[in-house]
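As they're listed, the protein sequences go chains A and B. The first sequence begins at 1 in full-length UniProt numbering and counts up one residue at a time. The second sequence begins at 1 in full-length UniProt numbering and counts up one residue at a time.
Any given hint could be a false lead.
[As the list claims (entries may be wrong)] So, partial list: chain A residues that the calculated Cβ filter (under 8 Å) puts toward chain B:
id : residue
1  : V125
2  : I127
3  : R147
4  : P270
5  : V292
Worth flagging that the hints you see were computed from the coordinates, not collected in a lab. No residue lacks a Cβ here, since even glycine has one placed at the ideal position from N, Cα and C.
Given next are the chains, with one letter for each unit.
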Amino acid sequence: MITRKVTRKWEKLPGKNTFCCDGRVMMARQKGVFYLTLFLIIGTCSLFFAFECPYLAVHLSPAIPVFAVLLFVFVMAMLLRTSFSDPGVLPRALPEEANFIEMEIEAANGNVLAGQRPPPRIKNVQINNQIVKLKYCYTCKIFRPPRASHCSICDNCVDRFDHHCPWVGNCVGKRNYRYFYLFTLSLSLLTIYIFAFDIVHVVLREYRNFFEHVVSLTPHCTVLEVLVCFFTLWSVVGLTGFHTYLISLNQTTNEDIKGSWSGKNRVQNPYSHKNIIENCCEVLCGPTYPSVLDRRGVMLEDSTSPTSSDASAASTHKSSNPVSQTTKSSAPLIPNEHTPDEAKPSIGAGTQKSTSSPKEEKPPSPTSPNAVAPAVIKESAH
Amino acid sequence: NTFLPAATVDRLSFHNLQELRHSASLATKVFIQRDYRDGTICKFQTKFPAELDSRIERSLFEETLKTLNCYYAEAEKIGGQSYLEGCLACATAYIIFLCMETRYEMILKKISMYIQEQNEKIYTPRGLLLTDPVERGMRVVSFAKSQDGPAGFGSPSSAHSPARSNQLSP
Numbered sequence: 001m002i003t004r005k006v007t008r009k010w011e012k013l014p015g016k017n018t019f020c021c022d023g024r025v026m027m028a029r030q031k032g033v034f035y036l037t038l039f040l041i042i043g044t045c046s047l048f049f050a051f052e053c054p055y056l057a058v059h060l061s062p063a064i065p066v067f068a069v070l071l072f073v074f075v076m077a078m079l080l081r082t083s084f085s086d087p088g089v090l091p092r093a094l095p096e097e098a099n100f101i102e103m104e105i106e107a108a109n110g111n112v113l114a115g116q117r118p119p120p121r122i123k124n125v126q127i128n129n130q131i132v133k134l135k136y137c138y139t140c141k142i143f144r145p146p147r148a149s150h151c152s153i154c155d156n157c158v159d160r161f162d163h164h165c166p167w168v169g170n171c172v173g174k175r176n177y178r179y180f181y182l183f184t185l186s187l188s189l190l191t192i193y194i195f196a197f198d199i200v201h202v203v204l205r206e207y208r209n210f211f212e213h214v215v216s217l218t219p220h221c222t223v224l225e226v227l228v229c230f231f232t233l234w235s236v237v238g239l240t241g242f243h244t245y246l247i248s249l250n251q252t253t254n255e256d257i258k259g260s261w262s263g264k265n266r267v268q269n270p271y272s273h274k275n276i277i278e279n280c281c282e283v284l285c286g287p288t289y290p291s292v293l294d295r296r297g298v299m300l301e302d303s304t305s306p307t308s309s310d311a312s313a314a315s316t317h318k319s320s321n322p323v324s325q326t327t328k329s330s331a332p333l334i335p336n337e338h339t340p341d342e343a344k345p346s347i348g349a350g351t352q353k354s355t356s357s358p359k360e361e362k363p364p365s366p367t368s369p370n371a372v373a374p375a376v377i378k379e380s381a382h
Numbered sequence: 001n002t003f004l005p006a007a008t009v010d011r012l013s014f015h016n017l018q019e020l021r022h023s024a025s026l027a028t029k030v031f032i033q034r035d036y037r038d039g040t041i042c043k044f045q046t047k048f049p050a051e052l053d054s055r056i057e058r059s060l061f062e063e064t065l066k067t068l069n070c071y072y073a074e075a076e077k078i079g080g081q082s083y084l085e086g087c088l089a090c091a092t093a094y095i096i097f098l099c100m101e102t103r104y105e106m107i108l109k110k111i112s113m114y115i116q117e118q119n120e121k122i123y124t125p126r127g128l129l130l131t132d133p134v135e136r137g138m139r140v141v142s143f144a145k146s147q148d149g150p151a152g153f154g155s156p157s158s159a160h161s162p163a164r165s166n167q168l169s170p
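The following block holds chain A by itself, in its conformation from the complex:
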């Protein structure tokens, strides 16, 4: 059995992202503040569960820690989803597309005299009877779709770009905006919850232990929790309120900061439904967009000797892109096996790793990989 290194597409993706778990996780490069967020949330909640909850469960109600656990799990799930998912990165244009766009631009601009600056690359489109300017991205070599913006930290164009959030260590864009909003909302609730029950705990203890000399760690932890919650409250609740306002108007933070839709002579927001409920529904209950960045597709790398019998077609795994990607092989060798039947519903579940030995998936039973017969290789090697 020859071990063949399988290169997945995420390894060759341009941009300044870091990938983990073989391309399943996608984050920005600087993760320090994200670790701080994790530490604050997990730390404060651990103190709450360890020191406050036993007392509160006994003296008040056992439902209190149960609800706190549920809220904590929800907060962590939302945080991890926001941080680890693809925010809606637009892949860069392949050379042919880039050339095609260049030719279109040159045709539109006509002849530019030497010494004169070429006109800015802008396309005007009419959206809902408003004129919107689409800018050209020199890094990605595309005209950015409406509401997309280029994040300089991650060096990617992101669709419906909201902002780059260092606290979650990722951009917030079309695909993860609702998770980000639910994270701030649930974190606000969790902070208020812990803050409230800390106060309740202290008050109860004061009354009950008035005549008892109780020396315990609990008061110190409570004070710590209250401090963290107090400072978190102001920032997170404020942020939640701000994003609620943005959602009701169907605006992004980026548009709000740039003042795209405000001001007298400016265009009115063409994406807003002019109805708060409809705007909220679109943002929060809209369809879940799949990732168009094929991170886990395999790039065919044929570095094995001709006598190897296991240089089979690389199998494509799907994480968030359900369509099997055809890999453009550098040499006209084994084309990628590609059937829609192979699409497995388990997204990101990481069923098989084809790094150890080359395997080929067959549609009927995707869990049992097979070695491909040598005949296949020799046939297709032309």
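Fit chain B to the given chain A structure using the hints.
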């Protein structure tokens, strides 16, 4: 211990499509851009490009694009089903998405099969190859024109040998 399941027969034709894709990378390409007039929903322009005039009838082209646009509109529709999916997923803290396929992904699969079928029936016999927009970041629908004319991409149903079959172990 070898047998050819029905799925393999389909895969043989897909094999050839992959070869066609490789030769497509050497051909000239025509890109159909997105139509943003209705907002940020995924919709492609149905204007017939002049470069394809000699290769394909306008009506076939328009029909393909209109069907694609319909599929995307269905995927992005905000209605009862998307609310249900969203609320159910939210209630499970979106963990359900690790096991379940979203509606959009199911429709993308349908689109992929439709494009494959269109390629086999209509485009490859005319020396064109349609690529799925999802491979281009949903930005463009690209048609690759083979330089050899209608015979350039060959026929997807020809030239496959039984030796290409997979050996299936029980």
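Checklist line | Hint check, A:R147 versus chain B [nearest Cβ-Cβ separation less than 8 Å] | finding: holds, 6 Å
Next item on the list: Using Cβ atoms only, decide whether A:V125 comes closer than 8 Å to chain B, and label the hint accordingly.
Entry: holds, 5 Å
Check: Taking the closest Cβ pair, is A:I127 under 8 Å from chain B?
Finding: Given a least distance of 6 Å, the restraint on A:I127 holds.
Next item on the list: Against chain B, run the beta carbon of A:V292 and see if the smallest gap drops under 8 Å.
Entry: holds, 5 Å
Note to self: Given A:P270 as an interface hint, is its Cβ closer than 8 Å to any Cβ of chain B?
What the structure shows: Hint holds; A:P270 Cβ to chain B Cβ min 7 Å, cut 8 Å.
Taken one by one, the earlier hints all hold for this structure without exception.
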